[in-house]
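S.K.: Chains as they are written, first to last, in the numbering used here: chain A, 1 to 333; chain B, 1 to 77; chain C, 1 to 361.
Since the hints were derived computationally from the structure, they do not count as laboratory data.
Among these hints, one or two may not hold up.
Claimed, not checked - Below 16 angstroms or equal to it, Euclidean Cα-Cα: the simulated EDC-like pairs (lysine to aspartate or glutamate) are:
#1 C/Lys2 to A/Glu255
#2 B/Lys57 to C/Glu124
#3 A/Lys243 to C/Asp5
#4 B/Lys25 to A/Glu255
#5 C/Lys2 to B/Asp40
#6 B/Lys8 to A/Asp29
#7 A/Lys106 to A/Glu22
#8 A/Lys191 to A/Asp103
#9 C/Lys2 to B/Asp54
#10 C/Lys2 to B/Glu10
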Amino acid sequence: MTEYISLSHGSGGALTQKLIREIFAAAFDNAYLRKLDDASVVTLARGRYAMTTDSFVVDPIVFPGGDIGKLAVCGTVNDLASCAAEPGYLSASFVIEEGLSLDVLKSVVSSMAREARHQHVPIVTGDTKVVPRGKADKLFINTTGIGLVHKSLEAKMIRPGDRILINGPMAQHGLSVLAARQGFESEEALKSDCKSLWAIVKLLLQEHVDVRFMRDPTRGGVSAAANEIAQSSGFSLALIENKIPITASCKSFCEILGLEPLDIANEGKMLFIIGEKDALRALRILKAVPSCRRASVIGEVLPERRAKVYLKTVAGGSRVLGMPVTEALPRIC
Amino acid sequence: MCLAVPMKIETIEKTDALVSAGSLKARVNIQLLPSLKKGDYVLVHAGIAIEKIDPRKAREALRLYRDVARKSRMEEA
Amino acid sequence: MKYVDDFRGSRACLAMARRINAAAGDREYRIMEVCGTHTAAIRRFGIPSMLSGGIRLISGPGCPVCVTSDAYLRNAFRMAAQKNVTIATYPDMLRVPAGGESLQDLRARGADIRPVNSALEVLEIAGKLKDRMVVFLAVGFETTAPATGILAQRARQERIRNLKIYSAHKTIPAALLNLGKDKTLCLDGFLLPGHVSVVIGVHGYRQVMRSLRLPGVVTGFEPLDILSAIAAIVDAANHHKTILENGYGRVVREGGNVKARSLLREVFVSKDSLWRGLGLIPNSGLFLRKPYDSLDARRAFGLKEEGGRDARNGCLCAGVLTGKIEPSACRHFGRQCTPRKPLGPCMVSREGTCRAFFETS
């Protein structure tokens, strides 16, 4: 095999088959893929299923804390998790730019496989296309996932007084990608928080925590997710800036570049809307998980029906936290 | 665009210095600041260090602000 | 963060706000914050919510991108359209519309336009692209002009042939005079821009403030700095005193930064310049001196200034920049004019008043 992906790898012929067998099927290895059929047949238990799809175009494709492969699995698992759905099956499509190094592709696919194995979710079907140099930027991945819904969550279940929780510090993913792109020296300081969240959601459900709704603050950060929750429920939200955890490095980086951390993407965080009476217990459960030590109650749902998000600032003042309207950081997921 | 951030001098070369904010590092031009030493804090704007932060004046300002806060709490009580 | 967090604590800020409100009583005060970074900080920290309703903080023209004229931008577009030209610009300029298009639009159609965070990056770009003419859109006030000065000196020393500078640098004190003299604004005082002051010193304002006879405080950008400056102005207004105080002593010296000022004098000459909204202000623009002629984009490209009218697309930035209206008074605000599809620069720039208001209300 050549060192680089060429157009022949995407032509559907022998080279394509070789690529699929030796790189994708070998890494994702499961009974479905071994058949190499056009479609994979799965059996689903009775119930309601959540289905989600995402395309990943992150630049650069490798960043501190992860790569586009790991991101693709985590992103889709987290979308399912936000609906209280247990990841069941994933599909993965690849659009590869001619000239991509085979080693890079293998590394990304291996990282994707590792994450899928850890999350016990098989990648049962996929597709590969190769486009000429310049028609794509190295590698784009699309994943679709389906999962059994364990608890029906809807925005209309949200009530005034409900508390808003987050499982850890914000802005890490977007900043890590930006730092990687701009060649900042950051090492550990600015690692992406890219991580699958089903285990944490499952824990809360198993403990019968009064979870009313969830949203993962990806593009647009906590600001966008909070505004979406406000719009879906109709209620206004109040957030408290100094209760929203952020690492010192992320904070410094934002100050230096004049960025608002609330607007920056996360890939391992969830906003939980929890019934008022159960909020502290939920917090205790989260904080007992090693990766969620900095979980925090960051705000609450207000009685007014204006669908606005208010922020009590670190200085003690108050302002409206709007939906971020421009791309602070393009191509971070 | 008048965004400027205090950063700490780590190492000094001729016209440049390596500065840090926490564990973040950056290289900035220091030719506008005559005498700097490691550990000094400088105000960085658009890749240039435009002034050294005076720690004594910073402490004085903080003391003043905290006095106001203290007096205000006493008035409330 | 050192020298940052300490100046943000809510206990001290709320106490300072209480003191301001007690001193202000029922009276109205109109205080102009000149600098766009102040407008952004004031909105970001929610300072208006801490102050009694009578204290009006009015945004001024301190957003360098916002006060750059349409004519300058149209010249930039003309240069960008040339096949061998690379434009280097601060990111905020990319989406400012002039005549229905922006640098970003031109880039989408194939022009080579590169955002930089520092003037010194332009040297690297020119070094890498030896067969292209790299033109730097040098926008900014006295805080940013020294960076351009360093760039100009290096380019001249190293005889770099493929680098041109198109200066739109402007200076603040002259604009203050223009605003302070406008009696319709009924100003009680100024929050003077802290980082411009780092360069020009408190001294830089003495003459202007003396002739205006209005209180002014050189103000830092943390909430405690801003609130304590407002407290000083309210006190001065109450006692009919004209003060010029340094509220940012940890970085602002009476004489400013001596090296920076002498650098500016060496590289630039002060001439009349056109400000969006304020019109032509004498001695308010910095232009490259004769020894730097070979670096001057105006000469290299035969650019004609700056007499054209600003676009008539309904944008009311001019009124916002002069403190005459608040963004919400503009009928396009939030409707036809949003950060995503702006009608004018005040909605584009991170220092722009309209954008600051849009994002926080």
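S.K.: Which of the numbered hints above does this structure break?
M.R.: Those not satisfied are hints 2, 6 and 8.
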